[in-house]
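Participant: One-letter residues, chain by chain:
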Amino acid sequence: MALQPVFKRSYIEYLKTHIRSSEYMGDHFEYDRSQVVRLYGIQQPEDLLQKLDPSPDGDLKSAIAIYEAYKDITPLFAQQDDLWVYLTHVDLFEYVKKRWPIKGEDNEKLVSDIQNHWFRHNKHLFRTPVAGLWWQVFLTKDDNRENPYDLTEVYFNCGQDFHQRFGELTLIRHKDAMIGILEFLKDHPELTTKGFDPRGQYISRLFNSVGSYKLLSNMDKSYFKKALENRLDIISQISNRTEVQNQDITLNE
Amino acid sequence: MKIGNNSLPYPVLGNSDDIKPLLPEDNISVATSFDNDKYTFHITLKHENPDIEMLLKAGLAEYSCEVTCPRTYLRFCKKSPTPEFEITLGRREVYGRIEFACYVIAREDIAGYHNSGQHEDYGDASFNLESGDVLVAFYPASYNADLKYEKLYAAGSFMVVLDGGDKPHTWFDANDDNIKVYLPHAMFEQFRALCKNRNFNELFHASIVFNALFKVLSEYSEKKHGDFQWAEAIKYRIDQEEDLHQYDITDTTKAYELAQALLHDPYQRLFNHLAQSNE
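Protein chains in written order, with our numbering: chain A, 1 to 253; chain B, 1 to 279.
Because the hints were derived from the structure by calculation, they are not lab data.
As the structure is a computational prediction, the values presented were derived from the model and not from experiment.
Hints may be right or wrong, so weigh each one.
Once the Cα atoms are required to be at most 30 Å apart in a straight line, the calculated DSS-like pairs of lysine-lysine come out as [to be verified]:
| # | chain 1 | residue 1 | chain 2 | residue 2 |
| --- | --- | --- | --- | --- |
| 1 | A | 16 | B | 38 |
| 2 | A | 51 | A | 186 |
| 3 | B | 57 | A | 226 |
| 4 | B | 38 | A | 8 |
| 5 | A | 226 | B | 78 |
| 6 | A | 8 | B | 167 |
| 7 | B | 215 | A | 16 |
| 8 | B | 224 | A | 16 |
| 9 | B | 79 | B | 46 |
| 10 | B | 78 | A | 225 |
A few chain B positions that, by computed beta-carbon distances, are all more than 12 Å from chain A [to be verified]:
| # | residue |
| --- | --- |
| 11 | 60 |
| 12 | 84 |
| 13 | 163 |
| 14 | 193 |
| 15 | 201 |
| 16 | 275 |
One side only, chain A facing chain B, incomplete, derived with CB under 8 Å [said to hold, decoys possible]:
| # | residue |
| --- | --- |
| 17 | 9 |
| 18 | 13 |
| 19 | 14 |
| 20 | 17 |
| 21 | 18 |
| 22 | 39 |
| 23 | 74 |
| 24 | 76 |
| 25 | 79 |
| 26 | 135 |
| 27 | 170 |
| 28 | 174 |
| 29 | 214 |
| 30 | 217 |
| 31 | 218 |
| 32 | 219 |
C-beta: ideal position from N, C-alpha, C; glycine also.
Bound-form chain A, shown alone (with noise of 0.2 Å):
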């Protein structure tokens, strides 16, 4: 296997100054081969862009597959665009556009849709393609489960809004406390099987109103889970956001 190409820091900065929209409306990304650097240390995988799925049912299947292809590479790493800029460039460019169309009415929507899709999201990292989906599985994924993408799956199955609110929590970087809630979630699939959006917006709200009070990453999986059961009543009958808006969040066990 050939080492990981990436682009120069100094390339993705011009990149992002200079986006013409006609350059992403073809099958391939035209760049400069001259600015592409070899990557010590990471090796590029073999048929990466065949293993991903571009529906948006597909985001679980394309999350791991983007994971196990990248899976020894370091969260400060992963923090920085050089590898996942590459990638939506080159390497998985027609898996983003047919992800992601570019729809965007005008040229500055264009850019904008640019922006946020071959590079960095401008509100928040889940939200960039690729970088995003990695981060994802990194942070839900369970080494000590038989199949430690399990919770992973009923994380994707939650939905892009769950994905979008925990994401920009400082809740998921606490590993106890994602497993927790996933393994509630695990335990009853009927909370998300339909409708799971008011739902997760209840449980994101509960763990907030905790939070002001509570030191959560001091608390264990066991913590949030039991958290959750005690409400199981509550969070079942929830069926739209005006309950959830309205709902008084009970703190007391």
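Please arrange chain B on chain A, whose structure you already have, making use of the hints.
Facilitator: Leaving out everything else, chain B in the frame of chain A:
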């Protein structure tokens, strides 16, 4: 969690004046060492509250240190029965600011908690605490990994000049670890040729660098920019350099003065340089 100015339903030492005497000024100290592979942080905590000390000695409470690195999504808690922590982080686990938030936490439910120093607003009330409730909130501490502290005095350590392409005017972008100055393409090519000549440093500082710094400081937002390395670099210098102690990066009304101070009076340096060249 951030207690900040919140009032909790029970007194917390370190939260406003819930409990007196307050925490000592040196309630937290952090000693840092690093090598090629890791950072090691030795944290020592101090409080002088006998009621809380009694709970700690009885094993009903413990010290807890929450470590967060927002840029690498790292967050965990380390617990200790004593007020010392040694925390090791791999250099490849972290980037940018590492935050330490230390507390004393209830280890189990505590019925009838009353602190002899609690504010008179609480009266003689006693409180039933749950496991995980905060008893003491020490001052927050932070460290910036990858910030090359010894190089902070050069503007180039947090500013970079780039090719702005077809755009007809110069513009600045402060939404990244370096402040980016974009010059129109033709001007950028001129800059690249001229910046190799050190005789032009004072000229560039008094113009491009000063303008960029003044603009970003006048629009500074802690929420938007606080985590970036350029902001950390400036905050560090304000903390370390006596001449800068009077400034606060969040006070945008003083952006002009702060920019001048950071660049050691760029106009004066320019005139000194021109005067020397004229001799």
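Participant: Which hints, by number, does the structure contradict?
Facilitator: Of the numbered hints, 1, 13, 17, 22 do not hold.
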